[in-house]
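Go by the hints and put chain R onto chain W.
Chains as they are written, first to last, in my numbering: chain W, 4 to 449; chain R, 3 to 485.
One or more of the hints may lead you astray.
[To be verified] Heads up, incomplete: computed chain W residues facing chain R, CB under 7 Å, no partners named:
(1) PHE6
(2) ASN67
(3) LEU77
(4) ALA102
(5) ALA126
(6) THR174
(7) GLU305
(8) GLN319
(9) HIS320
(10) LEU336
(11) GLU432
(12) MET433
By construction, these hints were calculated from the structure, which means they are not laboratory data.
The beta carbon of each residue, even a glycine, is placed where N, CA and C say it ideally should be.
As a plain string of letters, each chain reads:
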Amino acid sequence: MKFTANTEQEKKEMLSSIGVAGVEELFKNIPSNALFSPKKEGILKKGISEMEVLAHLKNLSSKNLTVADHTGFLGAGSYFHFISAVVPALISRGEFLTAYTPYQPEASQGTLQATFEFQTMIADLYGMNIANASLYDGASALAEAALLALRETGRKKILVSRTTHPEYRLTLQTYCNDFEIVEIPYSKDGTVALEKLNENLNEDVACVIIQNPNFFGLIEDGQTIGELAQKKNALFIVSANPISLGILEPPGEYGADIAIGEGQPLGISLNYGGPYLGLFSCKEKHLRKVPGRIVGITKDLEDKRGFVLTLQTREQHIRREKATSNICTNEALMALAATIHLSLLGPKGLKELAALNLKKAHLLSEEIKKIPDFKLSFSSPFFNEFVIQSKHKPEIIQEHCLKNKIVSGLNLSKFYPELENAMLWCVTEMNSKDQILQLVSLLKGL
Amino acid sequence: MNPQEPLIFELSVRDRRALEFPACDAQSPEVEQLIPEKFLRKKLPQLPEVSEFDVVRHFTRLSQLNFSADTNFYPLGSCTMKYNPKINEKTSSLAGFTDAHPYQDESHLQGSMELLWNLEKMLCELTGMDAFSLHPAAGAQGELTGLLVAKKYFKTLGENRTKVLVPDSAHGTNPASANIAGYSIKSVPSNKRGRIDIDALKNVLDETTALVMVTCPNTLGLFEDQILEISKLAHEAGALLYMDGANFNALVGLAEPAKLGFDILHLNLHKTFSVPHGGGGPGAGPVGVIQKLSKFLPTPRILKEKDKFKIMLESESTIGQVRAFFGNTGALVRAYTYILSLGHDGLKDVSENAILNANYLLSQLKDLFPPFVPETCMHESVLSGSRYAKDGIKTLDIVKRLLDYGFYAPTIYFPLIVPEAMMIEPTETESKKSMDDFVSALKTIAQEMKDNPQTLKEAPFTTPVRRLDEVLAARNPILKWKQ
Numbered sequence: 004m005k006f007t008a009n010t011e012q013e014k015k016e017m018l019s020s021i022g023v024a025g026v027e028e029l030f031k032n033i034p035s036n037a038l039f040s041p042k043k044e045g046i047l048k049k050g051i052s053e054m055e056v057l058a059h060l061k062n063l064s065s066k067n068l069t070v071a072d073h074t075g076f077l078g079a080g081s082y083f084h085f086i087s088a089v090v091p092a093l094i095s096r097g098e099f100l101t102a103y104t105p106y107q108p109e110a111s112q113g114t115l116q117a118t119f120e121f122q123t124m125i126a127d128l129y130g131m132n133i134a135n136a137s138l139y140d141g142a143s144a145l146a147e148a149a150l151l152a153l154r155e156t157g158r159k160k161i162l163v164s165r166t167t168h169p170e171y172r173l174t175l176q177t178y179c180n181d182f183e184i185v186e187i188p189y190s191k192d193g194t195v196a197l198e199k200l201n202e203n204l205n206e207d208v209a210c211v212i213i214q215n216p217n218f219f220g221l222i223e224d225g226q227t228i229g230e231l232a233q234k235k236n237a238l239f240i241v242s243a244n245p246i247s248l249g250i251l252e253p254p255g256e257y258g259a260d261i262a263i264g265e266g267q268p269l270g271i272s273l274n275y276g277g278p279y280l281g282l283f284s285c286k287e288k289h290l291r292k293v294p295g296r297i298v299g300i301t302k303d304l305e306d307k308r309g310f311v312l313t314l315q316t317r318e319q320h321i322r323r324e325k326a327t328s329n330i331c332t333n334e335a336l337m338a339l340a341a342t343i344h345l346s347l348l349g350p351k352g353l354k355e356l357a358a359l360n361l362k363k364a365h366l367l368s369e370e371i372k373k374i375p376d377f378k379l380s381f382s383s384p385f386f387n388e389f390v391i392q393s394k395h396k397p398e399i400i401q402e403h404c405l406k407n408k409i410v411s412g413l414n415l416s417k418f419y420p421e422l423e424n425a426m427l428w429c430v431t432e433m434n435s436k437d438q439i440l441q442l443v444s445l446l447k448g449l
Numbered sequence: 003m004n005p006q007e008p009l010i011f012e013l014s015v016r017d018r019r020a021l022e023f024p025a026c027d028a029q030s031p032e033v034e035q036l037i038p039e040k041f042l043r044k045k046l047p048q049l050p051e052v053s054e055f056d057v058v059r060h061f062t063r064l065s066q067l068n069f070s071a072d073t074n075f076y077p078l079g080s081c082t083m084k085y086n087p088k089i090n091e092k093t094s095s096l097a098g099f100t101d102a103h104p105y106q107d108e109s110h111l112q113g114s115m116e117l118l119w120n121l122e123k124m125l126c127e128l129t130g131m132d133a134f135s136l137h138p139a140a141g142a143q144g145e146l147t148g149l150l151v152a153k154k155y156f157k158t159l160g161e162n163r164t165k166v167l168v169p170d171s172a173h174g175t176n177p178a179s180a181n182i183a184g185y186s187i188k189s190v191p192s193n194k195r196g197r198i199d200i201d202a203l204k205n206v207l208d209e210t211t212a213l214v215m216v217t218c219p220n221t222l223g224l225f226e227d228q229i230l231e232i233s234k235l236a237h238e239a240g241a242l243l244y245m246d247g248a249n250f251n252a253l254v255g256l257a258e259p260a261k262l263g264f265d266i267l268h269l270n271l272h273k274t275f276s277v278p279h280g281g282g283g284p285g286a287g288p289v290g291v292i293q294k295l296s297k298f299l300p301t302p303r304i305l306k307e308k309d310k311f312k313i314m315l316e317s318e319s320t321i322g323q324v325r326a327f328f329g330n331t332g333a334l335v336r337a338y339t340y341i342l343s344l345g346h347d348g349l350k351d352v353s354e355n356a357i358l359n360a361n362y363l364l365s366q367l368k369d370l371f372p373p374f375v376p377e378t379c380m381h382e383s384v385l386s387g388s389r390y391a392k393d394g395i396k397t398l399d400i401v402k403r404l405l406d407y408g409f410y411a412p413t414i415y416f417p418l419i420v421p422e423a424m425m426i427e428p429t430e431t432e433s434k435k436s437m438d439d440f441v442s443a444l445k446t447i448a449q450e451m452k453d454n455p456q457t458l459k460e461a462p463f464t465t466p467v468r469r470l471d472e473v474l475a476a477r478n479p480i481l482k483w484k485q
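Here chain R stands alone, though its shape is the one from the complex:
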């Protein structure tokens, strides 16, 4: 197994160097003559002193300590760990895109702006929305943006709506974003079918409600099949209907959220549109809205006048900016490349196969791990390991053992309403064989539970480190290296 890789600081040798710069060709006074002494740094930062080869070997070895979609089946529910086509990496690293400065004149940047304009239109067409902003950096920032759009809209109408309704199965970002936007949050319970409890919704929906936030399909992997009713109720109460589009991989090329009654939605381009997840980002979280909300979208925005593209930096009614500059353009080039590659036919193939794969896995696993709601699913399913918890085997133990068989773990203990939850999203790019292997690993693990439960308690055995003590890390936080 891998021996431990030292920290880069532990590889440091005094006076060892990697990157060097040409000597300064400008005749110039020394630093001390240009900057008053009181503003100068007294002690160099503790960066490592290493050679280029040290750096390359260190980070290559670190990379080998990771599971990743490129190397392992990575069924992390709600994260859509699909194959990220390599062509996306090539197009997004074209120098015309990477070396463009955000403050260059718009006449210099017609290529980027044309691409971004096209991408906005494509996302509009796929969702049925009238306008899109590509500005937000990730899904949670998209949520915040959408919530602020609604806030400004109601302010313009002179309505004092202060409450946001969030199902108890929602992603934690929903209430967290609503809180930053300045709303109070009311949780709406789910019913036995894993859908929003309509009666409970009616009880809390009133003239102070600004938004009903719905994840569609929801985090149980189920289509919110009363969505038209929910939409009707929300709109009758004068509220707006928000869609968390984290699970859009189930609908892309298949259904248009605007036709389900949604007024605002965000998409996670690092999920549905194959922008690589990068170990936790960067992503992009564009926001789409219906016509009456479009003027509130954040700036900057791209405008098209005849054949020329222009940037609108500010407007009277915009909510403003949620970050500097236009957006995570590097991620947007990847998403554009992906949509262009697949086309509407390929995107429909995506959602259909995502749904097919998820249901196939469900059909193979449901006897071992019953789903929270016993019906077919959309792009992912939520199973429960609660029957094993009685014997002291937690879902955590099961998925740690999965690592030994070369599979990354599903999302666990989420949604919060499912005991011992295991949320499995195979995505459309996984083959039947890799899913069959995954099923057979879980079957083996089920057998191990009977024969040798201690194995599960102590798993994993084959990873670079054995099971890690997370409690210790939180109790005694060591967050940086000290000599």
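So that you can see chain W by itself, here it is in the shape it has in the complex:
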């Protein structure tokens, strides 16, 4: 396939306008020994037709087994939720899909207004004053939040709960590799060990980071943790699943300075891990240190309302090494998907959805608890995920489930080796009562 337009005749005319005999003359200063030539045994072949490409990709995709053609109980930072047909239909419109960062606002009002709507929804959902136009994903949003706290406080130490997503903690470590990061363990009930947090809190601490609901699905006592952080003037950073906020108190209400999240549950496919959507919101006082794009309202020459990228002096294209972040391209199309999804849900739909997740997860947990040798690891209240331990090895459970077309919960042995035979189970609105009971009877049969 080729997507170029120039005919041989046109090429000739263009070359003659340029004043060269052949296109090679235009790149003759590339050293000749650096020129590319296809390798005989190489993986790059000659181009093929659209028909052949589609057949090849269909073949590859059919080698995957998905949580849609099986029954899935996997969550852990990536959630299988219902996505209305409206979302892909609208985000695949070429006018949204093939535009770029709205540098020329007069010709980009669609993207800009949608982003302004997104910022409003996210700020309000998290109970914060402001939200930005998106970051890459939840993990890098968490790292950016920590960087903001380091800049804002001038301090060098980060406290992060061990119940924060393990991959988020790894990302934090990479981004903040010159700073001291202390992990706060969890107590018997699976939530942040408050006395350990208190022991580690002092005037060197830039921020306290928690996830709520935490990685085990449990609800943290955000109020108390926030107050502890505040006493030492450390910023309080909360990572929260946006769907849970349909019923749970938003981070802004219990004292968070920065609230971030993974926006994938808001109308974005699992996609084997990406592209997802980094949500970033905070208190107004941190506005000038926020990473990434921000859209604001303004007026045009005729006093008509319009939208522009604003506060750009924070950003890399102007401030270079002194910028608040290096981010340039973000996840605009995913932010649009989330905006459309949240518009379809509305306040009542979001609450219903969150309640459905909560109730179904509790149906499963109650039923599993009844099985001999299976126990819920923690007693704290939870949202749509919970940890189960049993006498069976997770690998055995996984295999047993798979034979019956069920993708089981996550084996926690890699991330939490201290929890023996533990698995993290997730239930969403996509799991029917029948599927839940089928899983229970399978586990009983082990």
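Using the frame of chain W, we list chain R on its own:
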């Protein structure tokens, strides 16, 4: 012209609904019995209450307020706004890819992993690099990744190299990424030919230099023709040579960066490899390295054992992760589809036509807007409107007027070293006719400058809104809607 589209919140009517869910089929206690009251949300978020049709019409109308590559010539320099083949959208939305959970067992995901493995190999072959990581979410994150790879490499060697050299023409992300990676940054001036000033480079290159970051071709659209010399100097000083591959569209299928002496590079798959830009993302910023650096690449990585693909979650020497999960896989499927479609012959056709188109435009425009460096260019050219600035017409005014003629604006005021810069990248997929139309619009505008300069000052006239006051927005930031 388009009447103003209200905000979705302004369309809200109490109790109006769109998406509904089936009733809960599980016998379960109520929310209040499952969660203690103190943890419950007291006030619903201010989301709009609208019908499905309201949503569809609102966002369809919003889309119509955008210029886009599908609807307009979009010569935004350094962004490579080429045609994004529709087949990419179809393949990346196959359910086998979209409904795969990142924590499924690797035995479930052999299709995705085979694709990603192949893509890594293809990018290696195109760049001459020995290993690739598909993990970074965008170009700037790729830069950060590459910089951290270098940092870890020098740490392993026990060398204390703290400085990164960045040309003054570089993208702002280069110094910003180097800063996050913990380096100090030294700017290297360009010479009159728009290339790195070799003497200036020699002056700052020393045993504390970790990397020399070079955009190739550079942001002036010029091939850094002393690259072999730069490479020699950097390596003699014990530093590594980094390539910002944002402009790889000029080299794809034509030249291999590794053979130019580069040790690390990132590519922007949303530029060269036709992943749609989405109004500002998502992209993907894979990083390629030479052999001795490969063990430092981020995890997770894909391994191949016999005919099976496996995921390596961690390793001893890796820099770690810069995000959760494997990568922006949805974007990677699109790039893979594109490379497969075009093949090495089609990719060479891409760079050749990108260069041809850029030079054709340059030849047609250089009398009106002289290039910063008077020679042929690679895939884009940087012209200057400074001769008109004397009469009070800024490049900003010129490109705002272009919008009235149906053309998106080139990148302006970048690179910073060019006064009244206009960076024009037509890409290979634009036809001669659309470029001729663009040239004739600019010629008309040049005439308007003489006859009626006020028109330019007040442009645009035909867009959904007239010229917007960006100063007002920054002075009085209103960043969310309030009732």
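Evaluation of the provided hints:
Hint status for PHE6 (chain W): holds, given a least beta-carbon distance of 5 Å to chain R, under 7 Å. Hint status for ASN67 (chain W): holds, given a least beta-carbon distance of 4 Å to chain R, under 7 Å. The beta carbon of LEU77 (chain W) comes within 5 Å of a beta carbon in chain R, closer than 7 Å, and the hint placing it at the interface holds. Satisfaction of the interface hint for ALA102 (chain W) is found here, the shortest Cβ-Cβ separation to chain R being roughly 4 Å, below the 7 Å cut-off.
Hint status for ALA126 (chain W) relative to chain R: holds, with the closest Cβ pair at about 5 Å, below 7 Å. For THR174 (chain W), the interface hint holds, the least distance from its beta-carbon to any beta-carbon of chain R being 5 Å, beneath 7 Å. Given hint, GLU305 (chain W) at the interface with chain R, holds; its Cβ is 5 Å from that chain's nearest Cβ, closer than 7 Å. Because the beta carbon of GLN319 (chain W) sits about 4 Å from the nearest beta carbon in chain R, less than 7 Å, this interface hint is met.
Checking HIS320 (chain W) against chain R: minimum C-beta separation of about 4 Å stays under 7 Å; hint holds. For LEU336 (chain W), the interface hint holds, the least distance from its beta-carbon to any beta-carbon of chain R being 3 Å, beneath 7 Å. Proximity of GLU432 (chain W) to chain R holds as hinted, the smallest CB-CB distance being about 6 Å (cut-off 7 Å). Here the hint on MET433 (chain W) is broken, as its CB sits about 10 Å from the closest CB of chain R, past 7 Å.
Violated hints amount to a single one, hint 12; each of the other numbered hints is respected by the structure.
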